[in-house]
Amino acid sequence: MAVDAATVKKIGRLARIRIEEDEVAKYQDELNVILGFVEQLNEVNVDGVEPMTSVTPMRLRRRDDVVTDGGYPEKIVANAPLSEDNFFMVPKVVE
Amino acid sequence: MTELTKLSLAAARKGLKAKEFTSAELTTDYLAAIERANPKLNAYVAVTAEQAQAAATVSDQKLAAGQGGPLEGIPLGIKDLFGTKGVHTQAASHILDGFKPEYESTVTSNLFRDGAIMLGKLNMDEFAMGSSNETSYYGPVINPWRAQNSNANLVPGGSSGGSAAAVSAWLCAGATATDTGGSIRQPAALTGTVGLKPTYGRCSRWGIVAFASSLDQAGPIARTVEDAAILMTSMAGFDPKDSTSVDVAVPDFTAAVERGVKGLTIGVPREYRMDGMPDEIEKLWQQGLDWLKAEGATVKDISLPHTKYALPAYYIVAPAEASSNLARYDGVKYGLRISGRDITDMYELTRAAGFGREVKRRVMIGTYVLSAGYFDAYYVKAQRVRTLIKRDFEQAFNAGVDAILTPATPSAAFGVGDEDMKADPVKMYLNDVFTVTVNMAGLPGIAVPAGKDSVGLPLGLQLIGKPFDEETLFAAAHVIERSAGIDFSPKPWW
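Those sequence lines, one after another, are chains A and B.
Under the numbering used here, think of the first position of the first sequence as 6, with each following residue one higher.
Under the numbering used here, think of the first position of the second sequence as 309, with each following residue one higher.
Simulated from the structure, these hints should not be mistaken for lab results.
Quick caveat: nothing in here was measured; it's all calculated off a predicted structure.
Hints are supplied without guarantee of correctness; some may be wrong.
[Stated by the list, open to error] Listed below are several chain A residues computed to face chain B (Cβ distance under 8 Å; list not exhaustive):
1) I16
2) G17
3) V29
4) N37
5) L46
6) V49
7) V72
8) A83
9) V99
Think of the CB as a built atom: it goes at the ideal place given N, C-alpha and C, for glycine as much as any other residue.
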């Protein structure tokens with residue numbers, strides 16, 4: 006499967022990465038080289054093979070549903086580019 | 309007296325305990341070596357000199373009182389991927405500009421608990437995506453090794469290129485690194501150092517910047533097998549904060565180093581004999597097998613039929629997980645923000661400016677293979693192939709193989725700015741062809757320097773082990789190290 010220019014732009018939007026018009030062709034080439042490379046997986050017969058979900062044979066551990074951490078909002082926002090009163094500040098999203 | 313920086317970690321530890329020198333002296337010497345070398349090698353992206361000296365003073369007090377942990381007063385370099393409290397942690401990316409975490413990763417906490425000192429943060433490929441350390445926002449790391457009669461700059465491999473270069477050039481006694489597809493073992497092989505990727509779940513991933521969560525593992529890069537075993541003993545351990553951390557006892561890995569290989573069966577996978585493999589790699593591989601045989605191991609031909617599909621499957625699984633993990637870099641919580649018309653505009657501009665080319669390419673591949681209509685054809689298919697790759701190894705181990713010997717890399721170190729690799733991303737990816745299977749199967753693997761190529765550059769061999777049997781890898785790697793008997797010191801030019 007190869008991607009066209011429109012698909013490259015769509016992927017950029019889904020990934021929230023701005024792709025400028027003059028970058029589309031180069032990305033298209035590179036993505037198609039990689040997609041061409043992974044194409045060889047089609048040779049493998051995977052009938053009846055379970056997809057791997059955990060590389061080690063283990064069940065995810067469970068713990069009691071209690072608060073184990075938190076209570077330091079100032080640390081959470083300490084690295085934010087913009088914050089106020091321990092809230093992250095973003096451009097207005099609701100009119 | 310020998311230069312303190314040239315001591316192995318084991319020898320430095322002995323010297324500190326015997327009070328032949330102090331940690332302050334050792335630390336000062338390393339800091340001076342970094343100051344001299346870093347403008348040329350670019351191995352460190354941040355040096356924490358004051359913090360290191362303060363920690364050395366504390367260690368010296370403990371050592372003077374006959375106390376202290378197993379790494380007391382030992383200066384280490386830490387890959388920039390590890391969260392270090394209040395210290396530069398940017399995964400060598402522009403998008404994490406200025407990020408200083410409020411927490412300490414579990415692996416570095418373990419090292420500091422045992423008395424280790426941090427000299428600074430080590431350069432790497434951006435978000436650990438690369439095999440040459442050229443995708444770093446901070447510029448490429450230069451390999452301390454050069455070909456005979458050449459002044460050309462070579463890459464140290466990647467993504468842990470800073471770790472490998474710093475260890476090789478005596479800019480730290482040992483280093484932390486991480487390995488998602490070969491990022492510990494490939495740079496170790498290219499710099500004549502020892503690198504271990506432990507079994508998935510052996511080291512906690514908590515506090516390490518995530519790339520591909522089902523593949524990422526932390527491990528050491530060191531100058532000797534024994535040094536790697538010492539570091540591993542401190543780094544490993546169960547951590548309830550990582551849901552994939554495995555609750556098994558951590559052995560004293562150093563006790564396994566001298567164990568030998570008598571009675572072990574070493575597998576030789578025929579699929580690793582790739583077309584166009586250079587003769588010197590082929591010869592080195594055979595030499596490694598001969599060394600192991602001479603020490604009492606049996607060699608057995610095995611087949612791992614799905615080997616060639618590991619790399620293509622990896623280039624679906626790893627970018628898919630990366631696209632999800634890297635969604636958090638949005639200009640809101642930390643790092644870079646580029647303002648836009650609205651919030652979506654801000655996200656798009658921030659990520660376009662903050663991520664480098666290779667990272668964007670992988671996030672886009674990952675986004676594509678996970679998108680509606682393609683998920684089954686790519687991601688689920690790759691995870692099925694992954695099951696087959698793991699099964700190959702299980703069958704070999706069930707048939708009595710204790711460890712597998714392979715080349716570590718398809719070639720020695722290559723030039724900075726290699727045109728072929730720049731033009732074709734897949735060429736660069738092929739560097740990991742021998743290492744990536746191990747991540748896909750969650751197994752431990754070690755790269756050990758074993759010889760040199762025709763122009764004097766180091767070449768490594770890789771040993772692959774059963775889950776949680778790093779001890780056999782240390783034992784077998786040490787046999788190779790001892791049998792080779794080669795001095796893997798680069799000739800200083802920096």
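Here is what the structure says about each hint:
Restraint check, I16 (chain A) versus chain B: the minimum CB separation of about 5 Å is within 8 Å; hint holds. Taking 8 Å as the C-beta contact cut-off toward chain B, the hint placing G17 (chain A) at the interface holds, the least distance being around 7 Å. Residue-level restraint check for V29 (chain A) is violated (minimum Cβ-Cβ distance to chain B is 11 Å; threshold 8 Å). Taking 8 Å as the C-beta cut-off, the interface hint given for N37 (chain A) is violated, the closest approach to chain B being about 11 Å.
A distance limit of 8 Å between C-beta atoms decides the matter here; for L46 (chain A) the minimum to chain B is near 5 Å, and the interface restraint holds. At about 5 Å, the closest approach between the beta carbon of V49 (chain A) and any beta carbon in chain B falls short of 8 Å, and the interface hint on this residue holds. The criterion of a C-beta within 8 Å of any C-beta in chain B is not met by V72 (chain A), whose closest approach is roughly 15 Å, and the hint is violated. Hint status for A83 (chain A) relative to chain B: holds, with the closest Cβ pair at about 6 Å, below 8 Å.
Hint status for V99 (chain A) relative to chain B: violated, with the closest Cβ pair at about 10 Å, above 8 Å.
Hint check: violations occur at hints 3, 4, 7, 9; the rest are consistent with the structure.
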